[in-house]
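Chains as they are written, first to last, in the working numbering: chain A, 70 to 481; chain B, 70 to 481.
Incorrect hints may have been included.
Calculated cross-link-like contacts (lysine-lysine; reagent style PhoX-like; alpha-carbon spacing at most 20 Å) [said to hold, decoys possible]:
hint, chain 1, residue 1, chain 2, residue 2
1, B, Lys91, B, Lys122
2, B, Lys378, B, Lys479
3, A, Lys215, B, Lys112
4, B, Lys113, A, Lys215
5, B, Lys122, B, Lys112
6, A, Lys122, A, Lys92
7, A, Lys112, A, Lys122
8, A, Lys112, B, Lys122
9, B, Lys256, B, Lys226
10, A, Lys256, A, Lys226
11, A, Lys192, A, Lys226
12, A, Lys215, B, Lys118
13, A, Lys226, B, Lys479
14, A, Lys215, A, Lys226
15, B, Lys226, B, Lys215
16, A, Lys113, B, Lys215
17, B, Lys215, A, Lys112
18, A, Lys378, A, Lys479
19, A, Lys122, A, Lys91
20, B, Lys226, B, Lys275
21, A, Lys118, B, Lys215
Label-pair ranges, simulated between beta-carbon atoms [what the hints assert, rightly or not]:
hint, chain 1, residue 1, chain 2, residue 2, range
22, B, Lys118, A, Ser138, 47 to 55 Å
23, B, Glu259, A, Pro189, 29 to 37 Å
24, B, Leu135, A, Arg266, 57 to 65 Å
25, A, Ala379, B, Gly137, 19 to 27 Å
26, A, Arg266, B, Glu117, 32 to 40 Å
Derived from the structure by calculation, the hints contain no laboratory data.
Where is the CB? At the ideal position from N, CA and C, for every residue including glycine.
There are 2 protein chains.
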Amino acid sequence: MTTSSVCIATYRAYDDKADFHKKAHSIAVGLTVGSWTELPQAKKEEMEKHLGKVVSVAVHEPDDALPGSRYADIAIAYPDLNFSRDLPALLVTVFGKLSMDGRIKLMDLDVSESFASAFPGPKFGLQGVRQLLGVHDRPLLMSIFKSVVGHDLANLKEQFYRQAMGGVDLIKDDEILFENPLTPLEKRVETCMAAARQAEEQTGQKLLYAVNLTGPTSRLADNARRAIAAGANALLFNVLAYGYDVLHELSSDPSISVPIAAHPAMAGAIYPSPHYGMSASLLLGKLMRLSGADLVLFPSPYGSVVMPKAENLAIKEALLQPLHNLRTSLPVPSAGIHPGLVPLILQDFGHEVVVNAGGGIHGHPMGTEAGGSAFRQAIAAAMNGVPLEEAASQVGHAPLKAAIEAWGIKTS
Amino acid sequence: MTTSSVCIATYRAYDDKADFHKKAHSIAVGLTVGSWTELPQAKKEEMEKHLGKVVSVAVHEPDDALPGSRYADIAIAYPDLNFSRDLPALLVTVFGKLSMDGRIKLMDLDVSESFASAFPGPKFGLQGVRQLLGVHDRPLLMSIFKSVVGHDLANLKEQFYRQAMGGVDLIKDDEILFENPLTPLEKRVETCMAAARQAEEQTGQKLLYAVNLTGPTSRLADNARRAIAAGANALLFNVLAYGYDVLHELSSDPSISVPIAAHPAMAGAIYPSPHYGMSASLLLGKLMRLSGADLVLFPSPYGSVVMPKAENLAIKEALLQPLHNLRTSLPVPSAGIHPGLVPLILQDFGHEVVVNAGGGIHGHPMGTEAGGSAFRQAIAAAMNGVPLEEAASQVGHAPLKAAIEAWGIKTS
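Extracted from the complex, chain A is given alone in its bound form:
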């Protein structure tokens, strides 16, 4: 680590009157050395390497002078010297006290090479997950259990098998399924993986089952190892309920040898306000990848869960664009997905995406299995440039036809 190594935080601050340049300076000093002008010259020389620097201040004066609409994008460089190389230290430095200082939102963090070097990132990433599945030439398909709370192992096995037979690549637990007497972790893994093998004999297709990793923080690694020993080949994790550092430690652990899918539970407490919190692309994009998520679920722009499309795409970019030496993470836009959306999803997100559906699979008029088939048919059609209407009329494509009749086709 050189003394010039810095992490750069970008904020959006709203204020109708503030001198944003002065505010930026006070952040840079206040969150690093504390005070500056009053220091004697000799002390200044000694402290210089710890001093935050204002990188840029872009003030946006509103045309209409509408109260509340004046803001500035402020970038501050924080010397790496000031914090240990972990996310709690970085976040507390750049947005600990500052988060409580009026209308200010943390938009982005550019970490230094030195800081990033402490983060191995996704263990599998996009390519690793594709390799595990042996699928390289199309978007992946994930499905979610219909309902799990209060159901027993036999019910879960049946649900799992139906989903698997429809040709999905990944099946994820519901994020609200915790350790419970009806479907305890190891039994659940054994049962579902048995259903996966049964389906694979029919379909010849591999499948990842992301079992929900839950429990006290200090037992998560053990729980993960127990799940893996029972046959689990992927994990689902509610990252924000535990903290990024917990994901980072799990993903860095060599004994946790399966991909981790990050669930966005609780994220809506942090990203939606224009004035407070953190941007979706930082919260669910860059920080999830830095912490080692192989797949990241986030609200799609198609469902009832509201996120402007620009933010969805910014998350995708944060997961896929070059970031130090880190592997990419697979974007999983979720909620409101049905087969008639597949061409639009591919247009918006490209081919490096996981098409993830719950109701769009289980609610299929011909049943869960046909629900999966309809998605696979839609994906194949979209990859070959065949319009869905045309593909739906082809022999054997009754599932796609029924899906389109039920939910229509959405092209924008």
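Here the structure of chain A is known, so what remains is to put chain B in place on it, guided by the hints.
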């Protein structure tokens, strides 16, 4: 655990048109059993014990029909059967997916006796901290280092000694001081505790030093034990950068035998928006106490950091009012505190409060030591019902006099 045991979540949801009763029903079903009306009768009987129930829906129709001002307070009861007895499970259940579903804020959580029984809460609490200090008859006084990043042990020792000589009861690290070569954890503890003993020989007064507990999540307990072995008699912890469950595990650990002060770093990403996130009283009040914080810092209503006074007082209530069998946590309203505010602080918060100052001590015209003395004099005056102006003119009260000349007296 009986099947009727429930945790009740209260939300405030904004929507200009929604049928809030329908929305409440869909939350109660959607976040528990998933679907209800379509279940066969036999299955309904089996699933009933897992089903969420709408407790109340209070719709607030705005008088002026201003867009964006219509909201409802919705309370939902979630069966304890559905989640394990840890905060990540509870929070993901009640506000995981729901946090992303439009303008909705989690206002409160009433956990069941059964759920609460898994939480020992504060190990010391208000009374325990008072016992450690031997101070029972007045509000406590805490001070914060002026600046720490880039300073060496000799400097910290000098700062510590000056603060201690002013008669403060607690001294806390800056929350942005992490493990670093200049002032590593154990050396820092040894150095500051030596200064504390030195001061105690002069003042006869006990003192708690809350050293900042930092590092990778899995090493926090070890770091805490190392700090304690080196002499630390309190810890400071950036709870929200790590997660409540981490604090819960630390506070439940019998080997971590000192009080823990929770810092609110990052809280401003979650509480300030009226539409998103969690209420300050839940985030910094009830959940901190449930997780075992002995002292809780939060923004005061007096400084530049903005929090409406009603919210400050709601945090205090959550820390002090009866909550199952949990000890109370000491409220530490912070930022913008000077001696002229002491009577107002006592009026607002009562006597069970920590008066916490940084600039109000170090910025005293006569120096840091006089800064502490001025606060102690203000506290004594306020406890005896003596107006500050009058107390300031008494013999030996030059520090209070100078403080009032510098910062004035604020009575409302």
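Against the structure, the hints:
1. Taking the CA atoms of lysine 91/B and lysine 122/B, the gap is about 12 Å. The hint holds against a cut of 20 Å.
2. Using a Cα cut-off of 20 Å, the hinted pair lysine 378/B and lysine 479/B holds, with the two alpha carbons roughly 15 Å apart.
3. For the hint pairing lysine 215/A with lysine 112/B, the CA-to-CA distance comes to about 15 Å; that is within 20 Å, so the pair holds.
4. With a CA separation close to 16 Å, the supplied pair lysine 113/B and lysine 215/A stays within the 20 Å bound.
5. Taken as a hint, the lysine 122/B and lysine 112/B pair is honoured in the structure, with Cα atoms around 17 Å apart against an allowance of 20 Å.
6. For the hint pairing lysine 122/A with lysine 92/A, the CA-to-CA distance comes to about 12 Å; that is within 20 Å, so the pair holds.
7. For a cut-off of 20 Å, the pair hint linking lysine 112/A to lysine 122/A stands: about 17 Å separates their Cα positions.
8. The hinted pair formed by lysine 112/A and lysine 122/B fails the criterion: a straight-line CA distance of about 63 Å is larger than 20 Å.
9. About 11 Å separates the Cα atoms of lysine 256/B and lysine 226/B, which keeps this hinted pair within 20 Å; it holds.
10. Between lysine 256/A and lysine 226/A the CA atoms are separated by roughly 11 Å; this keeps the pair inside 20 Å, and the hint holds.
11. For a cut-off of 20 Å, the pair hint linking lysine 192/A to lysine 226/A is broken: about 29 Å separates their Cα positions.
12. At most 20 Å may separate the alpha-carbon atoms for a hinted pair to count; lysine 215/A and lysine 118/B meet this at roughly 19 Å.
13. A threshold of 20 Å between alpha carbons decides the hint, and for lysine 226/A with lysine 479/B the separation of about 67 Å lies outside it, so the pair is violated.
14. As the CA atoms of lysine 215/A and lysine 226/A are separated by approximately 12 Å, the hinted pair is consistent with the 20 Å bound.
15. Proposed proximity of lysine 226/B and lysine 215/B is supported: the alpha carbons are some 12 Å apart, at most 20 Å.
16. Pair hint lysine 113/A plus lysine 215/B holds up; C-alpha atoms about 16 Å apart against a cutoff of 20 Å.
17. This hinted pair checks out: lysine 215/B and lysine 112/A have alpha carbons roughly 15 Å apart, not beyond 20 Å.
18. Between lysine 378/A and lysine 479/A the alpha-carbon distance is near 15 Å, which keeps this suggested pair within the 20 Å criterion.
19. The straight-line distance between the Cα atoms of lysine 122/A and lysine 91/A is roughly 12 Å, inside the 20 Å bound, and the hint therefore holds.
20. Restraint check for lysine 226/B and lysine 275/B: the C-alpha separation of about 17 Å stays at or below 20 Å, so the hint holds.
21. Between the alpha carbons of lysine 118/A and lysine 215/B the distance comes to roughly 19 Å, so the proposed pair stays at or under 20 Å and holds.
22. Our hint of 47 to 55 Å for lysine 118/B and serine 138/A holds, since their Cβ atoms are close to 51 Å apart.
23. With their beta carbons about 35 Å apart, glutamate 259/B and proline 189/A fall inside the hinted range of 29 to 37 Å.
24. Look at leucine 135/B against arginine 266/A: about 59 Å separates their beta carbons, and that is inside 57 to 65 Å.
25. In this structure the supplied range 19 to 27 Å holds for alanine 379/A paired with glycine 137/B, their Cβ-Cβ distance being about 22 Å.
26. Checked against the given bound of 32 to 40 Å, the beta carbons of arginine 266/A and glutamate 117/B, roughly 35 Å apart, stay inside it.
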